[in-house]
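Undergrad: Chains as they are written, first to last, in my numbering: chain P, 1 to 355; chain A, 1 to 355; chain B, 1 to 355.
The hints are simulated quantities; they were obtained by calculation from the structure and are not laboratory data. Be aware that one or more of the hints could be misleading.
Stated by the list, open to error - Using 35 angstroms as the maximum straight-line C-alpha spacing, the simulated DSBU-like pairs for lysine-lysine come out as follows:
1. 300/A x 5/P
2. 189/P x 27/P
3. 5/A x 337/B
4. 5/P x 5/B
5. 27/A x 300/P
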Amino acid sequence: MHPLKEGCYAPRNQWYVAAWSSEITRKPMERWILNEPLVFYRTERGEAVALAGRCPHRGFPLGESSLVGDDIECGYHGLTFRADGSCSRIPTQEAIPASCRLRSYPVFEDWMWVWVWAGDPGLADPSLIPNHREISLTDPAYQNAGGNYWHVPGRYMLMHDNLLDGNHVPFLHRHSFGGDDGGAIQIPKIQSGPDWVECEFNQPDIQCPPFLSQLFGYEGRVRRTYRSRFYAPSLHIFYDQTWSIGTDSAGSKLLGTILHIHAVTPATLHSTHYFQGEGQNFSLGEPSLSEAFRSSDMVKRALEEDVTAARLIEEMIQRSGGTLSEILVRADSAAVKGRRVIESLIEKERQPVAV
Amino acid sequence: MHPLKEGCYAPRNQWYVAAWSSEITRKPMERWILNEPLVFYRTERGEAVALAGRCPHRGFPLGESSLVGDDIECGYHGLTFRADGSCSRIPTQEAIPASCRLRSYPVFEDWMWVWVWAGDPGLADPSLIPNHREISLTDPAYQNAGGNYWHVPGRYMLMHDNLLDGNHVPFLHRHSFGGDDGGAIQIPKIQSGPDWVECEFNQPDIQCPPFLSQLFGYEGRVRRTYRSRFYAPSLHIFYDQTWSIGTDSAGSKLLGTILHIHAVTPATLHSTHYFQGEGQNFSLGEPSLSEAFRSSDMVKRALEEDVTAARLIEEMIQRSGGTLSEILVRADSAAVKGRRVIESLIEKERQPVAV
Amino acid sequence: MHPLKEGCYAPRNQWYVAAWSSEITRKPMERWILNEPLVFYRTERGEAVALAGRCPHRGFPLGESSLVGDDIECGYHGLTFRADGSCSRIPTQEAIPASCRLRSYPVFEDWMWVWVWAGDPGLADPSLIPNHREISLTDPAYQNAGGNYWHVPGRYMLMHDNLLDGNHVPFLHRHSFGGDDGGAIQIPKIQSGPDWVECEFNQPDIQCPPFLSQLFGYEGRVRRTYRSRFYAPSLHIFYDQTWSIGTDSAGSKLLGTILHIHAVTPATLHSTHYFQGEGQNFSLGEPSLSEAFRSSDMVKRALEEDVTAARLIEEMIQRSGGTLSEILVRADSAAVKGRRVIESLIEKERQPVAV
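Could you build all of it, start to finish, from the sequences and the hints given here?
TA: Put into C-alpha cells, the structure is as follows:
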C-alpha cells in the first residue's frame, strides 16, 4: 500500500502549501516540491512567483540567482526570465528560442501562506483550495498564528499517517504533551469523501485539565470534542473544543475552540515540508495566545517528536531495502483512509480524462 | 571468493557475540546483527532479551521504546510485546492478531558477554557455543578482562582476515606494537576442521622482551609460542605463551600465558561489531593486569589500526564498484582457510537438511 | 551530449596534469585519476613515481604506506614494490608471482607540475604534451606562479565548460572580478582542431582599467585581446594582452601579457582536480607580481565561485536522476566545441587501431 508501493508517489494536479508568506521575499529561494526544484520570489509589487528552479541552459540552480526588477537573472551566465517564465534576455544574442523558458507554477496566497499548483497549469483553479474563511483560518472570530516549519527527512505520507492518528499522542508525546490517561486512546468516528477524511474523538465528562482551566477561567467537569479534517493532499485542521457541563439549568456551554493547523507537502521522494500553526476563538487580543502556544517549547518539542518518528521510520525503510511489511490495527482506520484517498488521487491522474 | 562474492554474506544458524553483558540494561538498545535490527534489554530478573528491533505495526525502531515490567512498549503507538515476542497490548483493541508479534532471538549469556542465535530458533543449541570454561574464559586459573568495542565500517570478513593473519603485525602495528624484527614473520602451522582454524607460531629461542621480563620477573632466553583458534563464525582465542629456557637441570618452564580474546559479528552488509578483551594466568589479584592491558593506550591504538585497515579496504572496494581482485600469498593460508570455513557454513545452509 | 551521456567518461590515452611538483614528496600520496587510485612519491634521487594506488594482495591503499629507499612498502602486510611497479618483497616467501605487481603510470615533470599518462603505457609519448617553452610556461620572458588547487565535487567537463566560456564572468564573478560592463559579453572568434580549441575576445578601444593602469604605469585608451587555448584534454592557457592606443606617430604598443594557467583532470566520475596559476611578461623580478596575483583573495574567491558552480550543477544533475536537458545558446559555441573534441577523443579509443 502507498506509501510503501514503488512508483506511487503523489498526486500532481493539486494545490500544496509551498511556504509561509514571510519566507518568500525579494531574495530568490529554492524549494523542492514533488521532487522538482522550484524557485520562489516576490515581484516589486509583492506578488509571489514560483518558477522552475533550474536554468534550462546549463542547469544552474536559480535559487543562487538575483532579481532584476521582476525578472530573475541566472547567477551563472545571466539568462533572464520574467515572472511568467518567459525569457527576457540571453546575453550575446537577440533571438530567444521558444524552448528557452521556465515552467511557471500557479500560486495562491491566503492567510499566512502560499499555495502552489504542482501539475498542469491549465487545471489550476484556486477554488479547489479549501476556503480559508470557512475553515476558520481567516475568520475574524479566530486569532491564528503560523510560522512553524520543519524539513522532515522522511516521505510525506509518514506525516499524514501521524496526523491522522491521534493514538500516538500518549506514547510518542509522553514527555511533551503527557502520557496515557486512558481516555485519550479511542477509535475515532470517521467520515470520508474522495479528497477528505474527518475524525472525531469525544471525552464526554472529564475534569477540566489545568491548562484549559487557566485559559477559560473555569473549574469543573467538561466535555471535550476533538474534530479533525484532512483536506487531501496537504492540509489538516483540528478543532479542539471544550464545553462546560452545567450543574444548573444553564446547561452545557462552549468555552472555546483551539485550532491546530498543519500542512504537509512532498519535497523529494524521501523528504517533506511540514508547516504548523495554532489558533483560538476566545480571549482575542494582544498578546496573542496562539502565537505564544505555537512558539512554546512544549509545542516545538512535541512536533519534533513527530518529525523524529518520521525520520526513524524512513531510516528503517531505507535500511530494510526500501520497503517494510506492516500490520494494521483498528487504530489505523483514519490513517488507512488517508492513504486510500491519496492513492486514489494518484490513480485518477493515470486515467484518461473524459472530455 | 567470499567476502567479495555477491550474495554470499554470513551463516545464520550460528551463535554470534552480540554484546558485552554490561551493554544490555533496562534501557532498550538497538543493535543490527546480520543485517537485521534487533533490540536488546533485560527483564526485571536480569535476563537478557533479544527481539526484532522493528515494530511490526509501523516499523518504528524499538530501540526508541521503553519497558513496562518485562514487556517492551513501542514508543510510537504503544503496542507492547512480552519478552518472548508475543504481543500483550494493542491500544484501542482487545483482539491481538496472530501475526502481531516480534521475532524472538535465543540468547545465551556467559563470561562477560551475550551470544545471540541469528537463525532458526528451533536449532539454537547453547552447547554449540565453545565451552567458556574449556577455552579459559571462565577458568578460575585465569583473570580475564573484556569491554573493548568498535563498530567497524567494513564487512566482517575483513576483521577475520586480519585476526587469522599474524603477519600484518610488524607492518600495520609498527607504531603501536613495534616493527618487523624478522622473527615475527612466519608461515604458521595450520590445522582446521569444518568450523574452526588453528594456527601456531613459534619463536624457539629469543631474548625475553622487556615488557615480558617485567611481567614475569625473568631475564634471559625464552621460547614463545603463539597459538590461536578461530571458532567460526564469531570467536578468536589466542594463547600467547612464554617459556624460560633453563640453563641448568631445571629445564624449560612455562612462565605464563597471556590470552587475547576477539569476537567479530556482522552488523550490516558493510559494517561489523568487534569485541575485544585480554586475560592472563599469572600474577592473579588486584589490580588486574589484564584490565590494565586491555584498556591501555597501546592496545587501543593497535586495535584502531586494525579497524582503520578494514575501513580503508572497505572504502577501496566500494569505490572500485563493489569488488576487488586479490592476489593470495603463502602468508594468507590461515585467512583463506577461515574464508573457506565461513563459505562452507553458508553453503551448508543452502542444502536441504536431511531428516 | 558528453558530459551527460552515460558511459562516455574520459579519454585514457592522454597526458593529464596530476599534481603540483611540490605535492609529490617522499611521503606517498594517494590521488584518484580517471576513476583509478594512484599513489605518487619521489625516489631518493627526486624522480616522481606514479603507481597503482591499491595493493594487489588485499586492496590496502598504498597512500597509507611508507617508502623503503625507492620502493614502496604496503602498510598492511609489507609487500614491497619497486618504482617500476615490480614486486621486490613478499614477507614469508621467496617466490614472487608474476601477477604480483603494480601498474606503473608514465609521468613527465615540467615547469611546476607533474603530468601522468592514464592509458596504455606503450603509447606514452611526452612530445604529445604541449611544449612548455612554446606555451610560455618555461619561457624566461615570463614570470609564472602556480600552486592553486581545488578538489571539485563535480564532473570534470563542468570545469572545461566553465573555462571555455568567458561569458559567465560578469555574472558568476560579479562580486569578485566585477559585473557586466557590456563589453565583456561577446561571442569569441573560435578556431579548433582535433585536440584543441582556441578563442579570442577583443575590446578594441576602452579606457585602461585602474588595476592595469597601475601595473603598466599607463593612463589612457587601450586595446585588450583575450586569447585562450584549450589543449585537450587537460590544459588551458589564456593570454590576456593590453595594447596602448597611441595618440601620436608612436602608434600601438603591447604593454604586457598576463597569463592565466588552468588544468583540469578527472578524479572520479563525479569529481575533478583543478590546478591554477598566473604569469606575466612584464615587471619581472621580486616580489613576483604573478605570485601575488595567484594567491590574492580576489583570484581565490573567483575560482571558488567556479568550483561552487560546478558543485551546484553536479548536485542538480544527481538530484535530477543523473541527467539534465540543456538548451544551447550562441555563447556556448566554444564549450560545445570543447565537448565535441573530448567526445571524439573518447570515440577514437573505441576504434580498432590500424597497424
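Undergrad: Now, for every hint given, state plainly whether the structure supports it.
TA: Checked hints:
1. 300/A x 5/P: 46 angstroms, violated
2. 189/P x 27/P: The hint is violated at about 46 angstroms.
3. 5/A x 337/B: 44 angstroms, violated
4. 5/P x 5/B: It holds: about 30 angstroms lies between the C-alpha atoms, which stays within 35 angstroms.
5. 27/A x 300/P: 25 angstroms, holds
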